[in-house]
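Asker: Here are the chains, one letter per residue:
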Amino acid sequence: MKRQDKLPIRERAALTLRAWRTVRRFCPGLLGATAARAAAAALQPFVSVLLSARIVDEIAGERDAGMLALWTALTVSVNFLFSVVKGCFDKLHSDRENQMWCTFGRLFSEKQLSMDYADVEDAAVQKQKDREKNNLFQFGNGLAQFVWTLRDMLQGAFSVAASAGAVAALFASRSSSAVMDSPLWLLLLAAGMAPGIIGNARLFRRNNALFLAWCGRMEPYNRLFSFFGFTLCQDDARAKDVRLYRQDLSADRELTKLEKAESGERGYHARYAANETLAALLSGLSYAVCTLFVALKAYFGAFGAGGVVQYVGMFAQFGSGLQKLVFTFSDNAVYTVHLKSLFAFLDRPNRKYEGTLPVEKRAFCENGDTDYELELRDVSFRYPGAAEDALRHVSLKLRVGKRLAIVGRNGSGKTTFIKLLCRLYDPTEGEILLNGIDIRKYKYEEYLSLFSVVFQDFRLFAFPLRQNVAAGGEYDADRARDCLETAGFGERLRTLPKGLDTCLGKELEEDGVEISGGEGQKVALARAIYRGAPFLILDEPTAALDPVAEAEVYERFHEIAGDKTAVFISHRLASCRFCDSILVFDGGKIVQKGSHDELVRDESGPYHALWHAQAEYYSA
Amino acid sequence: MQERHKPRSTAANMLYLVRCTGKFLPSLLVWTATAAAVQTAIPVLEMILPKIILSELSSGGTWQRLAAVTAGVSLSLILLIALEKLCERCVYDRKLQMGSFHLHRIANKTLETDYENRESERFRTLQQECCRMCQGNESELRNVYYSWIGLLSGIAGFFAYSAVLAQLHPVLLVFLILTALAGSFTGRAPVKWLDAHSAERARYNRQLGYVDLAAEDPRAAKDILLYRMGALLRKRYGENMEKIAGWYRRYGRVVLRSSIADSSLSLLREGVAYAYLIVLALRGAIGAGDFVLYFAAISGFSAWMRAIVTHLTALRRTSLMTDKYRAFLDIPERFRRAGGISTAEMQSCPRTFQLTDVRYRYAGAPSDAAAGISLRIEAGEHIGIVGLNGVGKTTLVKLLCGLIDPTEGEIRYGNAAVAAYNRLEYYALFSAVFQQYSLLPIPLCEIVAASEQYDLQKVRLCLERAGLWEKAASLPDGVHTLYDRTIHENGVAFSGGEVQKLLLARALYRDAPVLLLDEPTAALDPISERELYESYHAITHGKTAVFISHRLASTRFCDRILLIEDGRIAEEGSHEELMRLGGRYAALYETQAAYYREGGKEEKP
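Going down the list, the sequences are from chains A and B. Residue 195 in this note's numbering sits at position 195 of the first sequence, and the numbers go up by one each step. Residue 760 in this note's numbering sits at position 140 of the second sequence, and the numbers go up by one each step.
Worth flagging that the hints you see were computed from the coordinates, not collected in a lab. The beta-carbon is built from N, C-alpha and C at its ideal position, and this holds for glycine as well. Any given hint could turn out to be false.
Computed Cβ-Cβ distance ranges for the label pairs, DEER-style [to be verified]:
(1) A/Gly165 x B/Ala688: 26 to 34 Å
(2) B/Gly904 x A/Ser177: 27 to 35 Å
(3) B/Pro646 x A/Ala69: 54 to 62 Å
(4) B/Pro970 x A/Glu559: 51 to 59 Å
(5) A/Ser177 x B/Val650: 46 to 54 Å
(6) A/Phe211 x B/Ala688: 37 to 45 Å
(7) B/Ile775 x A/Trp148: 23 to 31 Å
(8) A/Ala13 x B/Arg685: 50 to 58 Å
(9) B/Ile775 x A/Leu81: 27 to 35 Å
(10) B/Arg877 x A/Gly165: 32 to 40 Å
(11) A/Glu616 x B/Ala999: 24 to 32 Å
Please build the complete structure, drawing on both the sequences and the hints.
Answerer: If you want it as structure tokens, here you go:
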């Protein structure tokens, strides 16, 4: 991905301002601490040089003991003061900078939490996120550079401001030689400094282009490195295969390839170093010219020994300060490009939050609290970037309090159907209506609250059990226990040392408990029950359960589903016998609909084949 | 496995890192030394320059001479500064490579280590710490070179400046050194504090890392959205950040105290030194030029001392980290590798498994996962393992294939105990399809062959038998297509069913004498499930096979079925025998079968 070389000034200013606001919001106090520290760091040498020049003047001149004592006392105590103050500001700063990286991480997790679900499943968007994250964390591009540049800029500004007066005095001083006092020197010295400054800026830009190209080349390697160096090593699920299939050999090979790629970049490094060295030479030359000027002026009597010390010191400060300031602008040109792509990612909109209607029951409440009607009208859906529709012209009405089973082969559109129902995605054609109104018009969070879903790839967290069950809702210990009991987790719950406060898994707390896949499925079921939403959707709820636990779930199905509308996806066709109605999906369409008895008799339909594929194993 | 030893000395650890660098990237050491030399030379020249100018001015020579001398010293200074830039860059680029080198070694260790080691808390903690110290721009193992440069130049500068100051009263020099040494004691406090509290910070970072990971996991997004867990995650995040912020605040306080103590010492030192110099000047013993020189030498001197102390402190910290790194790499491996019995002997012995009263307990578990299993498996037998969740089925399979060793009892394969074999070659006896699998982002043909070398014909055959050939051939690069779209732009992503077929093809290619199949059909639709059972049935011909399944249907065709309960074999026999027995297996079978019979179980109202 080629990045632009430079952005227009106005855009850069806007991006920089936004970076400022972002850093202020996420790392409060960092910018202030940076400024304070920069000020102390810049002013200390300045004050030190100024005071010591006075002592030197005294030594070269009168040698008055009283004055000497005064100046010395002043120098030493000011140095002490500055170093203490600098120490305090250092502490303030490092307190915050150490957390800077953690808080940058928060930027990304916040975005992920508020992103449109379609973006979460979109590989391109996730790749964009990874790229931005990598860019920031591995190289500090963008936001981190902004903070570092700010520090340099402030230091530069303070240095220049402090030494400007001294530099002016230098040019104003009168010596015995008219040649030396000529104002032309000002121009000459400026001409001497110019190549240093301009050359530096240009070389820096060149280097930055080199760097970006290098980043681009290394990106695929970095991804592989991240996989083989981290993911493969730390994912517990992979450990068995890693050993049995000797994946350590593949990893070793790939990592060696990466090391070779890195060392193959010698040419890039050499060119980069050459540019930097040249830049240093150029700025050094301007410094040399200035030193010569000061020496000659002193020779011709413009000032004494103290003046020499003072002006040589000041020029160094002035020069490096100016350099830092100039770098600020070149740096800014660079990191604003990174900021632009970062903000482009962070600004991805989430259109789902545009609805405003609150969700209400139907006006004529026939069935109490769970009186909702969902309807799909000629709904088709295609995943972004896919070649074919995942759902084709699906029309359906979901009645309240009914039990619906959904079956079909892998890839026939069952899970996609669910995702559309609970509005993780919006249909590409057709519409979904709740109580007669398009679901896009409703408030998103309220619409979501109508659904309790247990997905096939559900996730539990290493938080305490009670937080996993109650999730975002209010916590009621008795209710949580009841739901766990209903889901079949009751016995296991009683064996847990800390009961509902036990953490699931050891990532957060060392006294957490590892639970098996089947136990996890029960907790996920309990979570769905606890939520109490009118639509209960279960996607393969018994896949990881053993026959006994599975039978328990079927037997308690009525209890679990209560008076809700329950939708059940399962490959275990046994569960179909408990449902009022069965939908058979095939190739994104609903091809059969009816009760088990009706469908199993229809030998031409796919249900018959699916049923017998399983039943034949159990014919005694 | 617990090995607590005294941390090695800083010198020993530094030598170790020098050796690592020398082996992998010796040019880095050259650049480090050069950088140190240059970093010493520059301040020395900067100190001398004013003195030279002032001496010239007071000596009464021509302005041409003044110009020449000034220009000469300035130019040397410039060249050195340019060289410094070059060194800085060269060190920076090479240190990044060293970081990769260390991470590579850590990855190797993590992937090769005994499976059992993964479950130890110490291993996991060390592993994470090691990764952390190689990552990011502030990693200790990468930045150690800057500390060396700082320390070397500090020491060189110390001697250079001492030489200058030696021309003054020797007591002054001694006084300066003493105060600097006193400063080094104040510098210890932060390091000690860090040592005592780094475990705490590691814990906070790990917790924060988990919350971050959970919030960003694309697979968790649905649940987070639907169950409104966002607020919970944010709250957790805030709590963790507070803890980390508090830790850094406390650390900062310790550092500040130490720095103030250091500043006070500087105050004392400078005050005495300047007083002495001024007395000398008042006596007329030194001129302005010399005064400036000694002035600079004294303040520079403390800077060198401070640099030495700072970098020594940093090196001590790095040394602690390096110690952990070495401890991690040195974690012992109990499984035999090169010293064990090898493949040739394994191939000639009878292919039987014999388990004698085998027990296994996971680290920290209250009871045995395998509680006394005795079993004999003959070559070519097809064994089915069934039982409720958590009874020890996967543990048994792990014991069989040598991922874990029994805590009591013995497992023998052929003529020797499993522990006696070269474990890596022992693994080659097994073709496994586990419920939790690992597929690498490499070409499909390499995945199937589990190696860089592959026989294209055999790869095709295995893919055909697994039912994946059509799909593979339809891909743009055929079997050379890279797997995993999240890593490779042109990578392929497979559905659940296709992954199962790929895993099967891999197991087939290996053509090992023992086949292990652990619940592979959970995510497949009935038709795919049946196809898979039929392929399994076909491929197990002539091999020893061990199936784990909940779907008792699939185990019906095994020669022998083991019903595991509470870590023991409760019932054993063929399907017909167990049904005739009418025990728990029969009950389990009925539970599942009932639904599929005509007029089966009705839902209880």
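Asker: Determine for every hint whether it applies to the structure shown.
Answerer: Against the structure, the hints:
{"no.": "1", "hint": "A/Gly165 x B/Ala688: 26 to 34 Å", "in the structure": "31 Å, holds"}
{"no.": "2", "hint": "B/Gly904 x A/Ser177: 27 to 35 Å", "in the structure": "31 Å, holds"}
{"no.": "3", "hint": "B/Pro646 x A/Ala69: 54 to 62 Å", "in the structure": "55 Å, holds"}
{"no.": "4", "hint": "B/Pro970 x A/Glu559: 51 to 59 Å", "in the structure": "54 Å, holds"}
{"no.": "5", "hint": "A/Ser177 x B/Val650: 46 to 54 Å", "in the structure": "48 Å, holds"}
{"no.": "6", "hint": "A/Phe211 x B/Ala688: 37 to 45 Å", "in the structure": "41 Å, holds"}
{"no.": "7", "hint": "B/Ile775 x A/Trp148: 23 to 31 Å", "in the structure": "30 Å, holds"}
{"no.": "8", "hint": "A/Ala13 x B/Arg685: 50 to 58 Å", "in the structure": "52 Å, holds"}
{"no.": "9", "hint": "B/Ile775 x A/Leu81: 27 to 35 Å", "in the structure": "30 Å, holds"}
{"no.": "10", "hint": "B/Arg877 x A/Gly165: 32 to 40 Å", "in the structure": "37 Å, holds"}
{"no.": "11", "hint": "A/Glu616 x B/Ala999: 24 to 32 Å", "in the structure": "31 Å, holds"}
Violation of the numbered hints given earlier is absent; every hint is satisfied by the structure.
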